[in-house]
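Engineer: From just these sequences and the hints, can you work out the full model?
Here is what each chain is made of, one letter per residue.
4 protein chains.
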Amino acid sequence: MIKAGIVGATGYAGLELVRILSGHPEAELSVLSSVSFEGKRLSDVYPALLHVRDEELSSSDGIEDSCDVVFASLPHGLSQPIAARCAAKGRLFIDLGADFRLESESEYEKWYNGSFDDKELHKSAVYGLCELSRKKIKGAGIIANPGCYPTSAALGLWPALSLGLCGAEGIIIDAKSGVTGAGRALTQNTHYPELNEGFSPYKAGAHRHTPEIEQTLSKMAGTDVKVTFVPHLLPVNRGILSTMYLQKGGRALSDIHAAYRDFYKGELFVRVLENGRYADLKNVRMSNYCDISLHEDPHTGTLIVVSAIDNMVKGAAGQAVQNMNIALGFDEAAGLQMIPPAF
Amino acid sequence: MIKAGIVGATGYAGLELVRILSGHPEAELSVLSSVSFEGKRLSDVYPALLHVRDEELSSSDGIEDSCDVVFASLPHGLSQPIAARCAAKGRLFIDLGADFRLESESEYEKWYNGSFDDKELHKSAVYGLCELSRKKIKGAGIIANPGCYPTSAALGLWPALSLGLCGAEGIIIDAKSGVTGAGRALTQNTHYPELNEGFSPYKAGAHRHTPEIEQTLSKMAGTDVKVTFVPHLLPVNRGILSTMYLQKGGRALSDIHAAYRDFYKGELFVRVLENGRYADLKNVRMSNYCDISLHEDPHTGTLIVVSAIDNMVKGAAGQAVQNMNIALGFDEAAGLQMIPPAF
Amino acid sequence: MIKAGIVGATGYAGLELVRILSGHPEAELSVLSSVSFEGKRLSDVYPALLHVRDEELSSSDGIEDSCDVVFASLPHGLSQPIAARCAAKGRLFIDLGADFRLESESEYEKWYNGSFDDKELHKSAVYGLCELSRKKIKGAGIIANPGCYPTSAALGLWPALSLGLCGAEGIIIDAKSGVTGAGRALTQNTHYPELNEGFSPYKAGAHRHTPEIEQTLSKMAGTDVKVTFVPHLLPVNRGILSTMYLQKGGRALSDIHAAYRDFYKGELFVRVLENGRYADLKNVRMSNYCDISLHEDPHTGTLIVVSAIDNMVKGAAGQAVQNMNIALGFDEAAGLQMIPPAF
Amino acid sequence: MIKAGIVGATGYAGLELVRILSGHPEAELSVLSSVSFEGKRLSDVYPALLHVRDEELSSSDGIEDSCDVVFASLPHGLSQPIAARCAAKGRLFIDLGADFRLESESEYEKWYNGSFDDKELHKSAVYGLCELSRKKIKGAGIIANPGCYPTSAALGLWPALSLGLCGAEGIIIDAKSGVTGAGRALTQNTHYPELNEGFSPYKAGAHRHTPEIEQTLSKMAGTDVKVTFVPHLLPVNRGILSTMYLQKGGRALSDIHAAYRDFYKGELFVRVLENGRYADLKNVRMSNYCDISLHEDPHTGTLIVVSAIDNMVKGAAGQAVQNMNIALGFDEAAGLQMIPPAF
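Listed in order, the protein sequences are those of chains A, B, C and D.
So for the first sequence, numbering that gives the first Met the number 0 puts the first residue at 0; every next one is plus one.
So for the second sequence, numbering that gives the first Met the number 0 puts the first residue at 0; every next one is plus one.
So for the third sequence, numbering that gives the first Met the number 0 puts the first residue at 0; every next one is plus one.
So for the fourth sequence, numbering that gives the first Met the number 0 puts the first residue at 0; every next one is plus one.
Derived from the structure by calculation, the hints contain no laboratory data.
Copies of the same chain look alike in the list, so a pair counts if it works inside one copy or between any two.
Below, a list of computed lysine-lysine pairs in the DSS-like style, where the Cα atoms sit at most 27 Å apart:
#1 K39 with K264
#2 K39 with K202
#3 K218 with K134
#4 K122 with K137
#5 K135 with K122
#6 K225 with K109
#7 K218 with K202
Structural biologist: Dropping the structure here:
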């Protein structure tokens, strides 16, 4: 068993990591760290974990000494020093935050108002969209776990863009996220009576995940891709469903569908649905699956790609564990065989 | 007081009509008709209306004799004979169903698999998007109350298209509806445990409201408009929020915003939000308002128009009453001054 | 039109007052006061009220000069000075908070950790459970609007206790409230992802509404009544449903039911349901109704009384307006004829 | 690996069994049977299980030949013949339905309108409340898996009754269940728009689980126990929370709490919370835990016991698997170590 540590264990993504790693056959949780709740038991903060995780939350000091792999789920800017310490000790570092996702420092400055402390360190980081970058992930030292929206968008569009099934121009991504994506911090917007029975977009055309989405899609397409990205907040706890609009070109939907199925054949966590079915949050909740469905509007020549993930699992902690599995040579599905509950 | 009758009073739109008309200063409910529940009291079917509407549900036979205005909320195909009877008696007929919405019989055949029983009657019908067609509605005999999605889309896009603020090509309408839009009939999809915490599109690129939307937008734009329309089912009871994507062209967002404000100045039920605000279902629920917010993605040149209505009110019963008010010369807001509850 | 002022207009009960009074035929809103948002427009705080209430929120200074009736919806302890100012000017003061509900100062000290600033003022206050105290409310200067749980409990048990239909010993009140009851302030418990799909009791046997409930029930029974009261937090926005257990004694359920019906005959806002029906939050939401249903467990001799109200309406703002109507001699239902929407 | 079969695999409890057994280390799912969907793939009925369970649903004919253990989740009356076939072949039969729960045939007749086909078979059945009856379950041939409400009530009251901590008279059980408890069949009550934001009791004092609860509590108390049981339907998918009221007698709450902790020491799936904490559905969802919290109303001398389970897991499929584990000598927690997700 390797030893795993989590920095930021009491945030939602951190807790989901705890939950998944608690059932992992190859890793044991060795350090759970939290600034806000240091000295408290994790099960005091989250009584759901009573008898499961009653250990005290600690500081992250020296986590790179006691752990073989360190996960961080922190506000942007705070991962870089921990990554540096892990790199110095040769520990695998998996960052669920945004610090290592963007290759361009100027984009990072623009969207996150930060800078790269150590440019070499950033160059060494691998963007861990598992299905896309398995080879690079094997043996990586720093893995930037993708954002939730970018995971949903990239898995949905990858075959279309990399196989050239559709035009790469004018892509619209209309995404809807569950509330856990907004985190544990209290806001008026996520106060129960003001979100319940409500629905609204936010940061339309101005969300930080836009450059990350474009960075990945551009690599997939082999050309510069720009997207219009509008996220919405859904009154559900978990999940991201992205409805994506592309110019279909002349290809038949059935051909595109067949190409998608072929492309993802053998992928454990990507399910291309039968024609006529729709991806739905309820079918991926609590699991590491990404469901993809394909549709068309024949009279406008539009391809409609719908992808659904659990934002906390495939969009955060699940993919992080998948990255660990790949990097350390474990069975890629180890600890990740959760079946979505359907209800 | 005029006498009003409702055919299909126990469907969701029918009941909402009952609720609104029960507080109307100029109309009294005279006949409540239901095929499924004839002979029962309305308050037996909906105990919420106990002591409010305890009268027995009747047949619709002779409703054109006893009522000055007849509303019908029926599956498509069933309104035509009632409309004919009302027309023969000179009664105002307001159809909340689809029978009179499409001008083209071939489109009606294609999407609804029906035909126009009496082509002259259809020609006489007025499409009752209140803000657009006030003049025609005054004095109309048959009013086709617009569909919920079309109302939301048309009010959101009208200034952009009629003033030529944006291109009319390649419009994407990504719409999300509350569950009441699916009606009272039981389906597995709307069974509580299977919808709760779920979210999914349906009939992508293939929904019956597409031709109705295009018919209205084409008139507004003065040119043939095609849209890609994808509806989704939200786990909330009420409301439609449409996120609409247009090519912005060179105009500044602030100019477009000013034009929208000017365009809708004086409209009681359309609220163009301040820049930076987002239309949200929670702010229009239980009211006749349509909220519109405008956003842009500058790096792709996309204008994003968001409109929100209560599908049962402005998208159905509220607009029907507004149509009655216009047609019969009442204060247009009579009976419709419900304030959205905010929580 | 009389002039009404609201102190604490941006809390949930305050806003609900705004909403109800905006449609009142005899009163106009003259002052909307808020400490937290003074100088902002109410519609900035609650965009649902855009175009309805765009006036600026003011201070409450001098509200007793400019208004005929002043409503206060404030944390306990803060109403007393405003009440004193209103009393000095002869203005009607209706307190939605707890300052004037308890007759016993020692109980007030025990449960609210406060004292009565002016004992004479407290003696002059009338406990405004409308149906119970109509006569006293007419002409009252200070009205203590009952708490939400006490309203639900007292209306449900009044006939049983005052007619001696049941024993007054060992009454259990298991109550469930929507989240608006917890107010607008942010807490981890009411953060959407942590309340959604959850359910739990709180303050079991230790809630501040217990002495208020017992004070009212004791008057109704003509003897000292003690109750076990356990509230729960429901993942819905509005409503309180109380399930209450009493020792039935020898009387038949049908007799008790008949007595309840007779007792509440003519009451506009209390609906005693037919035998076999169950009170349900959905049937009273957004209305001033209290629905009551009666059931029994014959094998244990238990009478089960279920009462349902909207905590924001009959449990707060609606009852406050009803109190104003009674006190000032308006039609008791003025402004309160909202029909519950059923969905 | 033993072979397991499920009769009624497409009901909610059946599907939950599929989900749990799919991850069981000692059992493999060999037969999935369904009358309604025979010939279809399970993943066609529940797309959540795509790639997980794509096998065809079969008939239950001969299931006793091919399986070592047979689970049945069927409407009452239908399990008896399958149990007889399993018994004849010496297969373990675990019934999630009601056919074998009641020892008294007359009670079964009264509440379920059925009879015992084979009285000897009924005598051989063991009531499988795991913590209570471990010894009998080991080696049992027919196990009656307890109902969801009875599990919640019995685990919550067992220490109090068996240790004589409280009086056994006048017990009130006010229980609240998630909607999955009502099953997959469509009803108006569970149609999304009519349940959402609603809340109501049902079958007050008249629910079929009453005799089952009393049968178990009477054994625990060593005396005849009668309870008043009122279930409610919560607008959440999963979980049962029971609030139970007992006469506390002279014992201090802290003593009762200590006795509960001691009583359940070493139990894997029962968590007695610290004083001051409240059992909450959110902390047991998707897990096999039963959380219990203890409270008191000192001024009425009432002990308040709150227990929370996931109705689909500890209240159905989880306990069924726990029963299999005990009966067949597996690790009792095998396949059941799901951690509740907290959000």
